[in-house]
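Chains as they are written, first to last, in the numbering used here: chain F, 12 to 515; chain L, 249 to 616.
No lab work stands behind these hints, which were simulated from the structure alone.
Positions of the beta carbon are idealized from the N, C-alpha and C atoms, including for glycine.
Be careful, since some hints might not be right.
Partial selection, computed: residues in chain L whose CB lies under 10 Å from chain F [what the hints assert, rightly or not]:
id, residue
1, LEU373
2, SER448
3, ARG462
4, THR482
5, PRO485
6, GLU489
7, PHE496
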Amino acid sequence: MPELSTDPKAPCSAGPGVVIKGGTIVDAAGQRACDIVISRGRIEHVQPGCEVPCGAKVLDASGCIVAPGLVDLHSHLREPGGELAETVESGSRAAALGGYSAVVAMPNTDPPIDNASAAHHVLDLGAHALVEVMVAGAITVDRAGERLAPMAEMASMGISLFTDDGTGVQDGGLMRRAMEYARGLGVTLAQHCEDRSLASGGHMHEGRWSSILGIPGIPAEAEELMVARDLMLARLTGARLHLLHLSTAGSVELVRKAKSAGIKVTAEVTPHHLCLSDEEVASYDPLFKVSPPLRPVEHIIALQAGLEDGTVDAVATDHAPHATQAKEAPFDQAPSGMLGLETALAVVLTELWDGRVGSSPQICGEKTTDIGATRQTTGTARSSHSPGMAGSRSIGPAGGRHRLVDLGACLPSGIRLNLMQILTLLSWQPASIARLGSAHPSVLRPGAVASICVFDPFTRWVVDPDRLASKSKNTPFAGVELQGQVRHTLVGGEPVVIEGEAQR
Amino acid sequence: MRVSLVAQDCGSDPPKSEPVRAGDSQSSSKVSSKGSPRVPRSLLEVGDLGREGIEEVLDLADSFAEVSRRPIPKVPALRGRTVATLFYEDSTRTRLSFEAAAKRLSADTMSFSLGTSSVNKGESLLDTARTLESLGADVLVVRHPSAGAPSRVASWVGVPVINAGDGWHEHPTQALLDCYTLTKALGRRSVGKDRFGGLSVAVVGDVLHSRVARSVVKAFAMLGAAVSLVAPPTMLPSSLEGWPLAGFSYDLDPVLAGADVLYMLRVQAERGAGSFVPSVREYVSRYGLNMDRFRKMKPDAVILHPGPVNRGVELAPEVADQPSALIASQVANGIVVRMAVLYLLLGSAGNQRDLEQDSSKVMDETGA
Chain F
12 MPELSTDPKA
22 PCSAGPGVVI
32 KGGTIVDAAG
42 QRACDIVISR
52 GRIEHVQPGC
62 EVPCGAKVLD
72 ASGCIVAPGL
82 VDLHSHLREP
92 GGELAETVES
102 GSRAAALGGY
112 SAVVAMPNTD
122 PPIDNASAAH
132 HVLDLGAHAL
142 VEVMVAGAIT
152 VDRAGERLAP
162 MAEMASMGIS
172 LFTDDGTGVQ
182 DGGLMRRAME
192 YARGLGVTLA
202 QHCEDRSLAS
212 GGHMHEGRWS
222 SILGIPGIPA
232 EAEELMVARD
242 LMLARLTGAR
252 LHLLHLSTAG
262 SVELVRKAKS
272 AGIKVTAEVT
282 PHHLCLSDEE
292 VASYDPLFKV
302 SPPLRPVEHI
312 IALQAGLEDG
322 TVDAVATDHA
332 PHATQAKEAP
342 FDQAPSGMLG
352 LETALAVVLT
362 ELWDGRVGSS
372 PQICGEKTTD
382 IGATRQTTGT
392 ARSSHSPGMA
402 GSRSIGPAGG
412 RHRLVDLGAC
422 LPSGIRLNLM
432 QILTLLSWQP
442 ASIARLGSAH
452 PSVLRPGAVA
462 SICVFDPFTR
472 WVVDPDRLAS
482 KSKNTPFAGV
492 ELQGQVRHTL
502 VGGEPVVIEG
512 EAQR
Chain L
249 MRVSLVAQDC
259 GSDPPKSEPV
269 RAGDSQSSSK
279 VSSKGSPRVP
289 RSLLEVGDLG
299 REGIEEVLDL
309 ADSFAEVSRR
319 PIPKVPALRG
329 RTVATLFYED
339 STRTRLSFEA
349 AAKRLSADTM
359 SFSLGTSSVN
369 KGESLLDTAR
379 TLESLGADVL
389 VVRHPSAGAP
399 SRVASWVGVP
409 VINAGDGWHE
419 HPTQALLDCY
429 TLTKALGRRS
439 VGKDRFGGLS
449 VAVVGDVLHS
459 RVARSVVKAF
469 AMLGAAVSLV
479 APPTMLPSSL
489 EGWPLAGFSY
499 DLDPVLAGAD
509 VLYMLRVQAE
519 RGAGSFVPSV
529 REYVSRYGLN
539 MDRFRKMKPD
549 AVILHPGPVN
559 RGVELAPEVA
569 DQPSALIASQ
579 VANGIVVRMA
589 VLYLLLGSAG
599 NQRDLEQDSS
609 KVMDETGA
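Using the sequences and the accompanying hints, generate a full structural model.
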């Protein structure tokens, strides 16, 4: 631990350092208008009106929220094997620009991360990345669902999440054994819930739209069957279970009941499942092909309700880059997956934020700024979000006959989250599921590692696939106006993004 | 307007204009100012045409049917234009029908099909479509096993695209030729102002996997028919929300006496239809149209089938050979309906060159 100074006039010998000035901190401790002085990778002071130590770099945070860095439980960084679509470096840059300070790389690489040496390879690449890169290991060898991968040798490297993501472990007996083994290691199993016998051959949600479009469907029950099975297996084995990208109302309800029954389960949803419906597929554009598939509005509402009542613990991107040519195909021939890291925070803010800054207890004694109230009058608040905005979409086949769900348009449920809830879902709760521990504090206080996200929750911007840092362009939000923009990202004290620009 | 243009092209013996068209032919500006049937850029779904568009195609087809009865069944309407067929699935009849239609309009044809193509060299659908466009295709006729593939192609190229069947999705020209065939067979038997008003149509068979079903249900319903589906539940989509249906039945027998039209879908063994019923034998026993069932139908009811028929499966051979089974007419009508579609998409304003100018030039050259 570095020495904790309480003197704002810290001597220059402490290193040049960084000061985040003029922002409103929102973290697990609440909200306060404070500056943050950072030195040697850690937070040195948190107080209003800090003096800037000599030589320190000042990051302007006026009008911005200053929060613990975001943590993504579900990123496909594609390396090794898929370097045309993404690399650890490019993916980490995308993450940093999205406000993330840590990501969990999924193991469905080629070769897959199903042993210690493969995991070492990705962790080594991650050591030079812009954000902290953790890896999830595979549950079974080659993710084939046939025999257990050497989880202990991976766990001994500090890997705490295991998943065959991209597919679920189909065999219930094998999954039971994996859970029992995982319990002995103290690690968490993360499942991509999809019963292959029901989902096989399907390319979108089975329902009204698949029927009209003539695209083979995947019923919601394909997911819910495995959710139910794994919850029962978690109860049987006592293992800790994390459910990846839940997409159906039934799944949320199953998890709600399981939690109330004391089963050790956590769950995530993706930003796209929180705002895009299966109607998007009417464009036949594979940008809207994703696994699990986009679902109808009633499912979207149930997912949002799951966030609101705490049934769902995290928003995770399932950032899944695909090279352009892979998506230039008929819908059923294209691979599943969407970019997410650079848009996740803005999508959640646009779709779900109540638009308020304030109402939380003040900590630093400074007057809480209700930025929301002042900005409302300037016309930049969400009320300016017009249904016509989808017209600005630059892509979309068939002459753009079908337009995106109007992000931020109130669904019948009218669910809105406050900033604290949103950051809980995007930052410290996923950090806890990934067991980042002290490497990723939930409260910005002196001594804490300085992994910090600074964003302006009101700035509106239009997503331009050509300007994303990801090597791929398969965002479903191309041309869509989003609210909320990341200004600075710090990882272990290093400003990796300053004024929206990646620093390396 | 367009009908009269065809008449000019033909030089002599102008085909009879439908009464409803006569007014339209007075002035082209009048037609455009009142926004006569919206002509889509591409024909991807039968719904793209709308009811008026379908009516226009059927009227045009009538004109072309007259042309087809001449000793030299050819008009110079699309001379200098190139129709490219891009078929990723075997379909001899649909391809031949489109090519015959193009040739009767004096268009050039280009043909691209799986097996003879650079797809085997790994060329993507995108590149293949753009290659055909670069080779001078003025319209792409696309058949593909993937639903939505023609939509994708339409988003990539600058020329109109005609969907010649995509996966389970749609087969719009099939529906149009079925509407035309039905009109010819029934005359103006309908009730009310709609072409098929008061008609009861039952679509029988594997609706789930059928692109024909998705097109004919919409087209018949748009023209006023009451359309119902008859199939085992395994061959129906799990949701029928959004389908313009009068109803559905899991049994064929109760439907027979009330139907004016039985539309028998093909049992598509190649699409794995076999695993959706215990056996073809059991399917035939419940949904096959045999003579016993045929006798229970209305005397003036007609039978349609998109072909090719599995004789003894959907239709017993004796039924397939009944005069009220219009299968041969459907095939013959396919050509004139596709002529109408090609003419409509290539000849309408907004789609590339000015056809009227072109055709007058053609007339000058031919001294018509």
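Verification of the supplied hints:
1. Among the interface hints, the one on LEU373/L holds; its C-beta lies about 7 Å from the nearest C-beta in chain F, closer than the 10 Å criterion.
2. This hint is violated: SER448/L has a C-beta 23 Å from the nearest C-beta of chain F, more than the 10 Å allowed.
3. Because the closest C-beta pair between ARG462/L and chain F is about 6 Å apart, less than 10 Å, the hint holds.
4. Evaluation of the THR482/L hint against chain F yields a violated restraint, the C-beta minimum of about 14 Å exceeding 10 Å.
5. The restraint placing PRO485/L at the interface with chain F holds, with a minimum CB-CB distance near 4 Å, inside the 10 Å limit.
6. About 4 Å separates the beta-carbon of GLU489/L from the nearest beta-carbon of chain F, less than 10 Å, and the hint is met.
7. The restraint placing PHE496/L at the interface with chain F is violated, with a minimum CB-CB distance near 12 Å, outside the 10 Å limit.
Comparing the model with each earlier hint shows violations of hints 2, 4 and 7; every other hint is respected.
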